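Peer 1: The whole structure should be built from the sequences, with the hints applied where relevant.
There are 2 protein chains.
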Amino acid sequence: MATIKLTYFDVDGGRGEPIRLILSWAGIDFEDNRFPFSEFAEVRKKTPFKQVPIVEMDGAVITQTNALCRYFGKLAGLYPDNDMAALLCDEAMDVIEDITAKFVATFSLKGDDLKQSRETLADGPLKHVLSWLEQRVTDSNSGWLAGGEVTIADLKVWVFVRSLLSGQFDHISPTLVFELAPKVVEHCNKVAALPKLVEYYSKRKLSENS
Amino acid sequence: MATIKLTYFDVDGGRGEPIRLILSWAGIDFEDNRFPFSEFAEVRKKTPFKQVPIVEMDGAVITQTNALCRYFGKLAGLYPDNDMAALLCDEAMDVIEDITAKFVATFSLKGDDLKQSRETLADGPLKHVLSWLEQRVTDSNSGWLAGGEVTIADLKVWVFVRSLLSGQFDHISPTLVFELAPKVVEHCNKVAALPKLVEYYSKRKLSENS
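Residue numbers (my numbering), protein chains in the order written: chain A, 26 to 235; chain B, 26 to 235.
Rather than coming from a laboratory, the hints here were simulated on the basis of the structure.
Nothing here was measured: the structure is a model prediction, and the numbers come from that model.
Wrong hints could be hidden among the right ones.
You can't tell identical chains apart in this list, so a pair holds if it fits in one copy or across any two.
Dumping the calculated EDC-like pairs for lysine to aspartate or glutamate here, alpha-carbon to alpha-carbon at most 16 Å [what the hints assert, rightly or not]:
1) 75 with 148
2) 208 with 138
3) 230 with 35
4) 75 with 123
5) 140 with 123
6) 70 with 148
7) 152 with 204
8) 135 with 67
9) 221 with 174
10) 215 with 174
Peer 2: This is how it looks when you write it as C-alpha cells:
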C-alpha cells in the first residue's frame, strides 16, 4: 500500500472525518495531518483547489472527499458491490456534500446575515435533506442506507447529523433533527455503536490525552 | 431494464446532459423529459431537493447527477473497473460538480454583481480547475482522464468545457480556456469526435427539426 497523508482541519468532523474513519476501518496506516483553522490560509495555498481535505499517496495529490471515501471504502469493504445499492450509496454521499457546501457558504457570515442565512437553510435545504434521509431510513429493510450492510454513506450521514445534534451551528437547533428525522437519530445511534467506530474514538481520545 | 424518465432543463448542457449522453451511449431507452426555464418554479416543487436533474426508475426518484452518471456509466462500459482509475474518474466528476455549483450561484445575479462574481470566479476557482485539468490531460498516457479508456469523466468535463467555449457565460471569455488549457481543448475535440456522441447529436438535431 502507498504511504498516505490526509490533510484536514483539526476537528473530528466535516469533510475529512469520513476519510479518517474509513481508513481506520480498513486498517490502513495513514498520516493524520491535522492543522488549526488559523493555518488554513497558508495550507490552502498548496492545494489544487484551495480546499481541504487532500490526500497525498506516493507523491500524487488527490482531492474530493467523496471520491476518496469511495476509493478507501472499497478497500474497507464499506462500498456495495451491487450497482443499485452503489447508486443509493453515492446519492446519499452527494446529498450530504450538497448540504455541506450550503453550510460552508455561511461560515464567513456574522450577526443578522448569519442568522438569516442559517434560518433559510434550516427551513429549506436542510429540512429537505432531513426529510429525505428519514424516508430512506424508513424504507430500508436493513436499517442501513444502501443495501443490506453498513456503507460509507451511513458513516458520512452520521458525521453530518452528529454535527447538527452537537448544536455547533448557531441558529440551527438540534431539535430540528429530532422533529423531522427521529429514525435518522436512531440510525445515527446504530452507527455510533459500530465496534470499529467505538474503537477508533477510544484510541483517538487516548492520543488526544497523551 | 426499468423504465427511465430523466427530468431536466431543455438545454444540451448542464448537469442533465452527461446523463443523456451516457444513457444513449449504453443504448438504454429513456424518456427525455425536457422543460423550459420558465417552468422550473413548478417542476422543482415536485423534486426532493428542489433541484434537477432527477431520474425516475419504476417509480423511485433518484437525485444527484454524478451518482446517476456513475450508475449508468457502469452499464455503458464508461466506468473503470480498476479502483485507482475509478478514483481519478470520480475526482474529476466531483471537480466539475464543484465548479458548476459556483457557476450556478451566479445565475441569479445581474449587472455589476454578476460581472464581479464572474471575474472572481474566472481568476480563482475556474483558473484552478482549468490548470488542474490541463495537468491531468498532460500527465495522461492514453489522452483520457482516468485510465486507458474514455470514461464518464471525459464526457462530463467535455460538456462543461464546451459550455465555456460557447461563450454563453457573460464575463467569462472562451480565450481563458485556450490560454490556460490548450490540451484540454484538444481533449474536448477528441471527445466531440467519438462516434457515439456524433451519432447522438446528429439524431438530436433531426428530432429538433422534425
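Peer 1: Are the hints correct? Go through all of them and say.
Peer 2: The hints, checked one at a time:
In this homomeric assembly, residue 75 and residue 148 come within 16 Å of each other (Cα to Cα) only across copies, at 13 Å, whereas the closest approach inside a single copy is 30 Å. With identical chains, the CA atoms of residue 208 and residue 138 are never at most 16 Å apart, being 32 Å at best within one copy and 43 Å at best between copies. For a Cα distance limit of 16 Å, the shortest separation of residue 230 from residue 35 inside one copy, 13 Å, qualifies, whereas the shortest one across copies, 53 Å, does not. Taking the closest pair of Cα atoms, residue 75 and residue 123 come within 16 Å of each other only across two copies (12 Å); inside a single copy the shortest separation is 18 Å, beyond that limit.
In the homo-oligomer, the alpha carbons of residue 140 and residue 123 never lie at most 16 Å apart, since the shortest distance is 20 Å inside one protomer and 25 Å across protomers. For a Cα distance limit of 16 Å, the shortest separation of residue 70 from residue 148 across copies, 15 Å, qualifies, whereas the shortest one inside one copy, 35 Å, does not. In this homomeric assembly, residue 152 and residue 204 come within 16 Å of each other (Cα to Cα) only inside a single copy, at 10 Å, whereas the closest approach across copies is 43 Å. Proximity of residue 135 and residue 67 under a CA criterion of 16 Å is satisfied in neither setting, with 23 Å inside one chain copy and 33 Å between copies.
Taking the shortest alpha-carbon separations for residue 221 and residue 174, only the intra-copy value of 14 Å comes in at or below 16 Å, while the best inter-copy value is 37 Å. For a Cα distance limit of 16 Å, the shortest separation of residue 215 from residue 174 inside one copy, 12 Å, qualifies, whereas the shortest one across copies, 41 Å, does not.
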